[in-house]
Amino acid sequence: MRFVDEYRDPAAARALVSQITELAGDDHFKFMEVCGGHTHTIYRHGIEHVLPQSVELVHGPGCPVCVIPMGRIDDAIAVAETRDVVFTSFGDMMRVPGGEGNLLQAKARGADVRFVYSPLDALRIAIESPEREVVFFAVGFETTAPSTALTLLQAREQNVTNFSVFCNHVTIVPPIKAILESPDLRLDGFLGPGHVSTVVGQRPYRFVPAQYGKPLVTAGFEPLDILQAIAMLLAQIRDGRCEVENQYTRVVKEDGNPRALRLLAEVFELRPHFEWRGLGFISQSALKLRPEFAAHDAELRYSVPGVRVADPKACQCGEVLKGVIKPWECKVFGTACTPETPIGTCMVSSEGACAAYYNFGRLHRETAVALGRPV
Amino acid sequence: MCLGIPGQVVEFLEVSDQLARVDVSGVGRIVNIGLLEDEALAVGDWVLIHVGFAMSKIDEAEAALALASLQLMGRTFDEELEAFWSSRITNEAGGR
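These protein sequence lines are chains A and B, in that order. If you're matching positions, the first sequence starts at 1 in our numbering and goes up one per residue. If you're matching positions, the second sequence starts at 1 in our numbering and goes up one per residue.
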């Protein structure tokens, strides 16, 4: 465990916290972590409660499960209930509610919905069941999109005609831009996503300092990574610098993964617009299959209702995803909406802010209240 | 889906299929290494695996760190590993 101890060293954490406290001084800073993995780390380790009150973390829209709008789930169910279709999906998506229930309920009604770990598993099912039509429910940011791309290339190469993809891949930059344009949120900087950046690299974020004057530091997933990235953001502000920095150099390279980026460009093109849960329609924020792959495009092969479904009135996932409110400020949090019976997407995925807070955060908050600290 | 699971390359399988056998928490699995074509991957290297694909090359220290973090996640990690074990990515032609 010699490598691990170094990153769990309480003395190192204390040193970083006092550095952060000193750098922040008497001002108040609001930073957004874009990535759901970071949200998980922050709640899991109670980072919000070791930070000085001068530094506030806001949880952003970087959980791909959480941002899928209800209408797309209804579309998925419509495809799944088509005759002869085997509908394959990552486990995370099974309980995400649409207007007409979720995929597990569709399965209970008789649809052949199967959970897969990898798009390659879905392709395998198609090869083994030539009499069935296998559809893969593709979701995720640039972290998972290259896997779908490579799977589609294999399907085409091996002429697997009964395999198609219902594509819901989204891209990381447009929602960051949407949040920067949002009038109800004033941020002082961003913790840039870790795994997505292994693919896209650091360049796509340059507009954040260049056009919006906010620093961005790409961060790893250890508690010390998060603390160090916060210190780096504050140091930039103190020094009058504003740039893209990389705290997670252990994994993230400046240019990302060029091979994966080439594959994305080969297989996908940008949609003119795509609806994000809570953020509304964002232009050029999602991927669809290029015309060359039309034969494998589930949206062209099946009749997809494509109806926009408004979120339930009680659900405030939108405000949570934009960081306008904290999870526990939502009216249904922990009462009508729990991980077992989620109303909103943020409660479904373990990386959603609400689920992370529900699982780990409540005790921390109660402790903070008992200690007389504002939360 | 978003969890990156560290694995160590044990052997390369058919070049055309871009597959390698990796050791993940002591269990041998086959993953696709097509996304790391530019990396000159060698036996003994560590990779971070997302949905059956090696997504980035990492060093041993990062692999240990990532694994320790995942273990802290408890049930979420167990479910992801279970999903991984259920995966049937193989190098057998025709899937049999």
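Treat the hints with care, since some could be wrong.
Stated by the list, open to error - Dumping the calculated EDC-like pairs for lysine to aspartate or glutamate here, alpha-carbon to alpha-carbon at most 16 Å: (1) Lys30/A with Glu6/A; (2) Lys253/A with Asp78/B; (3) Lys253/A with Glu82/B; (4) Lys253/A with Asp23/B; (5) Lys331/A with Glu319/A; (6) Lys30/A with Asp255/A; (7) Lys214/A with Asp239/A; (8) Lys214/A with Asp188/A.
Simulated from the structure, these hints should not be mistaken for lab results.
Quick rundown of the hints versus the structure:
no.: 1; hint: Lys30/A with Glu6/A; verdict: violated (28 Å)
no.: 2; hint: Lys253/A with Asp78/B; verdict: violated (29 Å)
no.: 3; hint: Lys253/A with Glu82/B; verdict: violated (30 Å)
no.: 4; hint: Lys253/A with Asp23/B; verdict: violated (24 Å)
no.: 5; hint: Lys331/A with Glu319/A; verdict: holds (12 Å)
no.: 6; hint: Lys30/A with Asp255/A; verdict: violated (28 Å)
no.: 7; hint: Lys214/A with Asp239/A; verdict: holds (13 Å)
no.: 8; hint: Lys214/A with Asp188/A; verdict: holds (6 Å)
Violated hints for the displayed structure, listed by number in ascending order: 1, 2, 3, 4, 6.
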